[in-house]
Amino acid sequence: MNLGNATGMIAPSDVVSLGLGESIVGHQAEGTWVIYGLGSCIGLILSDHVGRNAAMAHIVLPQSPGLGAVSQPGKYVDTAVPFLLAELRKLGSDERNVRAQMVGGAKMLQLKKMGDIGSRNIESIRQVLADYRIPIIAERLGGTSGRTLRWDRKLGIATMSQVGQKDVILTPVLYRFAAG
Amino acid sequence: MAQRGAEPKKVIKEALLKAGEALSEIIERRFNPAEISVTYHDPLELPSLPVDNPETLVAAAFYQVEGDLSGYLLLVFSTDEAEAIAQAVLGPEAADEALVDSALGEIGNIVGSSFLNYLADYFSIYAAPTPPQVVRDMLGALMETLAAVAAAEGRTQVPVIRTTFAQEEGTVTAFLLWVTDVEDIRRLGSK
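Residue numbers (my numbering), protein chains in the order written: chain W, -11 to 168; chain D, 606 to 796.
The shape of chain D in the complex, shown without the other chains (with noise of 0.2 Å):
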């Protein structure tokens, strides 16, 4: 765990690394966590940040977060990736989309809740995700809907935490972007 009284980047690319390790041991493959970063960007470019392509197609598992954080968390896979990743968990025989899909979201649940916990040991607070989203469809059209939110509620800086899982041979295989409030880098800041 890091250092006390470390700043607060550092302690979400740990607690980064925390999420990545629990993918890795629930699939049983090694994903190490790459290209972690932490920016600041206007709602309306939320749409344009993971990927150049706003068709593109994914299987996402989205949850609020809730408690002394704010936000949305995404862990994003390609849908054949989801597919693959689901089959890794249950077995050659799961076909059945609605059985990927609720295995996607307990997976999303594991790395999501082993990221939000690292934080809120170190920082003594509580955070916890809202019970899953699957969803299947164009990642554009899903941070168009969070960067409507922003909007709404009248941000005008939205910062982005993301980190790519890549395997050791390197493939990009998934992402966790947690979309959260400039007041919980700042409450997290001041503790």
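Chain W on its own, in the form it takes in the complex (with noise of 0.2 Å):
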């Protein structure tokens, strides 16, 4: 787990880049979050726009085995949204402002043996999410194609990237962070 950075102690042209599983959280702060190269998995991002906090992870599979604790909660969907939202609490922020992007669940490669772990992903995220009552405002989901998420703290605005498109901003304006 990457967890760290609640004290703002980042440089400014600090980017962390967040491997599968790991989870981040913070409050306002120069710099940027980023996954890259998603591809089944699930990049999931959890803001709160009035408290200026947010967190961020890596989601690989659906569920965790449930043998107790996992060492990476951000590794499952089932563990990393309430991990994150614990995560939140602890910066201040109230659930009720608490609104979910997310990126990623891709079919890249036809399987044999597993199926496809992407859709069980988006499924698996959209009924945590509901289940929590956490309002998705912004997604893009499925498909066959790689992305990157980022997060810019500052602002509070999350961006994709695909291979030959334009970057797309995914943060409704109501969303983002208001100058610190």
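If you are wondering where the hints come from, they were derived from the structure by calculation, not from laboratory data.
One or more of the hints may lead you astray.
30 Å max Cα-Cα, derived BS3-like pairs, lysine-lysine [claimed, not checked]: (1) W:Lys101 x D:Lys618; (2) W:Lys100 x D:Lys623; (3) D:Lys615 x W:Lys95; (4) W:Lys78 x W:Lys154; (5) W:Lys142 x W:Lys154; (6) W:Lys101 x D:Lys614; (7) W:Lys142 x D:Lys615; (8) W:Lys78 x W:Lys142; (9) W:Lys100 x D:Lys618.
The two chains are supplied separately, each in an independent frame; assemble them into the complex guided by the hints.
Right under this line is the structure:
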């Protein structure tokens, strides 16, 4: 897990890249969080535009093994969402202000053995967000192409990149961060 | 061919040399396998293995391995190199992307089959690639999907056999990855 930066100590040019299963949380600050090359995985951002806090996870699979605490809660849909919510609460966020943005769940390869992990991730994340009553304000899910997800920590804006296409700003104006 | 009873890594390296020869014959340019490695990784490390930048755009021929062995084979080219190689095979008129992809799939099939056939012959087993899928996308996204599969299967260690095919003048042009199972390596070791 890559957790930290709640104190805003990251240098202005800092870019934090999240590997598989990693997560991060923090208050508004300079810098960018990024998940490069999302395939079947889900890049999830939970943001609170009122408290100007955000959390991000690089989710790999829909469900944890269910054998006690997992070492990387960001790895599974069913552990990532409650974990990120709890971390946002620690920063002072009110759950009623938390919104979700997500990207990924692609079917990059036709796999005989495991089927379509991307679709299972999508189904699971929608269900878990509904269970926690977290509204989804932007999503780019499914398809067959890889994607990169970036979070501008200062502006509170998520951006998605795909090969051969212009970058897309995901976050609606209403939910972006005010100047800090 | 390697001497009977040779350790699996040595035989795998010889199989990769065979794959390099097959690639050289198809394209009529000399490729030498370099940096052959057999390493073990946590599945979550897979996306960062082949290249530093996971957003690197590639054209890859992808196969699943069937029979007595398992796993996934990827023959990966930069997109520019893919076009150049397709032209070398199809002629200068090969501008159509679908035709280029078809050629890449066939090249990958020959290279992958050559690799697997060597292992199969040596160890007296059956192993073959599925029909090819050609994908043009971020290499990190392809590897991430294989990582998710390995994680879903509950694997904690994934052997990755990798070689870089370089032209004689040293230009790196392609690499072949076999993302396989610990059991496969054990099985080869027991033969």
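Hint check:
This hinted pair checks out: W:Lys101 and D:Lys618 have alpha carbons roughly 27 Å apart, not beyond 30 Å. For the proposed pair W:Lys100 and D:Lys623, the alpha carbon gap of about 27 Å is at most 30 Å, so the pair holds. Using a Cα cut-off of 30 Å, the hinted pair D:Lys615 and W:Lys95 is violated, with the two alpha carbons roughly 35 Å apart. For the hint linking W:Lys78 to W:Lys154, the alpha-carbon distance of about 36 Å lies beyond 30 Å, and the restraint is violated.
For the given pair, W:Lys142 sits about 22 Å from W:Lys154 by alpha-carbon distance, which is consistent with the 30 Å threshold. At roughly 26 Å between alpha-carbon atoms, W:Lys101 and D:Lys614 fall within 30 Å of each other, so this suggested pair holds. For the hint linking W:Lys142 to D:Lys615, the alpha-carbon distance of about 53 Å lies beyond 30 Å, and the restraint is violated. With a CA separation close to 19 Å, the supplied pair W:Lys78 and W:Lys142 stays within the 30 Å bound.
With a CA separation close to 27 Å, the supplied pair W:Lys100 and D:Lys618 stays within the 30 Å bound.
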